[in-house]
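Engineer: Sequences are here, hints too, so could you generate the full structure?
Here the sequence shown is numbered in this note's numbering, starting from 18 and rising by one per residue.
Don't read these hints as lab results, they were simulated from the structure.
This list has only true hints and no planted wrong ones.
Distance condition first, Cα-Cα at most 27 Å in a straight line; then the derived BS3-like pairs of lysine-lysine:
id : residue 1 : residue 2
1  : 284       : 305
2  : 21        : 261
3  : 28        : 261
4  : 107       : 251
5  : 21        : 107
6  : 284       : 327
7  : 261       : 107
8  : 28        : 251
9  : 55        : 251
10 : 261       : 251
11 : 21        : 251
12 : 28        : 107
13 : 261       : 305
14 : 242       : 28
15 : 284       : 261
16 : 327       : 305
17 : 21        : 242
What follows is a list of derived Cβ distance ranges for each label pair:
id : residue 1 : residue 2 : range
18 : 56        : 299       : 42 to 50 Å
19 : 231       : 256       : 19 to 27 Å
20 : 179       : 70        : 37 to 45 Å
21 : 28        : 269       : 22 to 30 Å
22 : 345       : 231       : 39 to 47 Å
23 : 348       : 294       : 18 to 26 Å
24 : 39        : 162       : 24 to 32 Å
25 : 231       : 344       : 38 to 46 Å
26 : 66        : 231       : 39 to 47 Å
27 : 291       : 344       : 18 to 26 Å
28 : 41        : 291       : 58 to 66 Å
29 : 345       : 288       : 17 to 25 Å
30 : 318       : 210       : 46 to 54 Å
31 : 296       : 341       : 24 to 32 Å
Note that the structure is a prediction, hence the values are computed from the model and not measured.
Every residue, glycine too, gets a C-beta built ideally from N, C-alpha and C.
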Amino acid sequence: MISKGCEQCAKGGKMVLFVYGYCDQRDCFYCPLGENRKNVTDVYANERLVESDDDVLTEAHRMDALGTSITGGEPQEALGRTCHYLELLKAEFGEDHHTHLYTGITGGRENMRRLSAAGLDEIRFHPPYEQWGDLHGTEWEDILYVAREEGLTPAFEIPGIRAEPEFLEFLDEGAAEFCNVNEFEMSQGNYRRMQAEGFELKEDHMSAVDGSREDILETMGDHEKVYFCTSVFKDAAQHRRRLKRMARNVRREFDDITDDGTLVYGKTYADPERFEALGVPDEFYTVKSDHVEVAWWLLEEMIEDGDLEKGEIVEQYPTYDGQVVERTPLA
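Structural biologist: Right, here's the structure in full:
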């Protein structure tokens with residue numbers, strides 16, 4: 018089973034809103050947050066540092082967001098801020114803008130009521146790993162029913178550390194609507210801690226951890242309400258499709274969009290008047306403060322013909338930070 022939130026994510030249509038970098042409940046050895054996100058109060062909409070509400074809305078429009086995923090740190094520890102952004106997004110995009118939130122604490126009824134009133138649709142609980150298998154009869158069981166009573170869709174979202182049949186029991190009892198299991202991954206933020214716990218990367222893989230995937234799929238994979246999200250799918254599908262949505266919205270007339278969702282164009286430090294003298298149509302280039310950006314194929318042709326001396330082909334992400342992936346010199 019795939020939830021509505023995951024459906025939108027798979028299409029690349031979910032904006033990621035990071036609302037708070039602190040999580041005082043525990044320091045999980047597998048926490049993937051990097052230095053720029055861990056223990057900070059900054060807000061990020063995708064890669065954009067948020068300085069105003071307009072930044073959040075601009076980023077959502079930039080990618081034609083179908084919905085928003087709210088994460089941290091711990092969003093419930095900044096509940097006022099979290100609710101504010103939920104209200105902002107629902108006011109701008111309407112009730113069809115689907116929202117889900119990841120949380121590692123139960124929060125209680127008042128929090129569930131406030132989140133629901135602000136517009137949250139789906140809440141995904143991540144209980145402490147140490148308690149897996151002993152969640153029945155605890156606040157973790159109670160909060161699933163409380164969340165549902167307050168109008169939210171309650172679910173589990175857990176890292177694929179090991180198979181745990183108790184989560185299937187909650188599904189069969191009707192307490193949780195679904196359970197997402199994310200393939201266990203190493204990141205820059207958790208690599209050393211993960212190694213200290215004895216985990217290693219899967220052979221020939223950039224992030225997936227060697228180990229429990231087969232056991233999890235054998236134990237939990239056949240349940241209709243369990244979805245196993247692989248690291249390959251996150252990278253090859255979700256992330257790439259989000260980039261493509263952005264690229265289609267921000268591309269200029271002369272930018273090419275690659276299969277990976279990056280933008281490709283030419284760059285040269287030639288005198289802008291040279292382009293005018295050669296009769297290059299305005300839609301094929303744009304003048305920046307110290308260089309000119311132009312259709313890559315046109316730049317390549319102009320250099321081959323001797324009209325320009327040199328330049329480069331640039332490939333970059335369509336994200337707010339515009340990270341450059343590759344530069345290919347032309348001369």
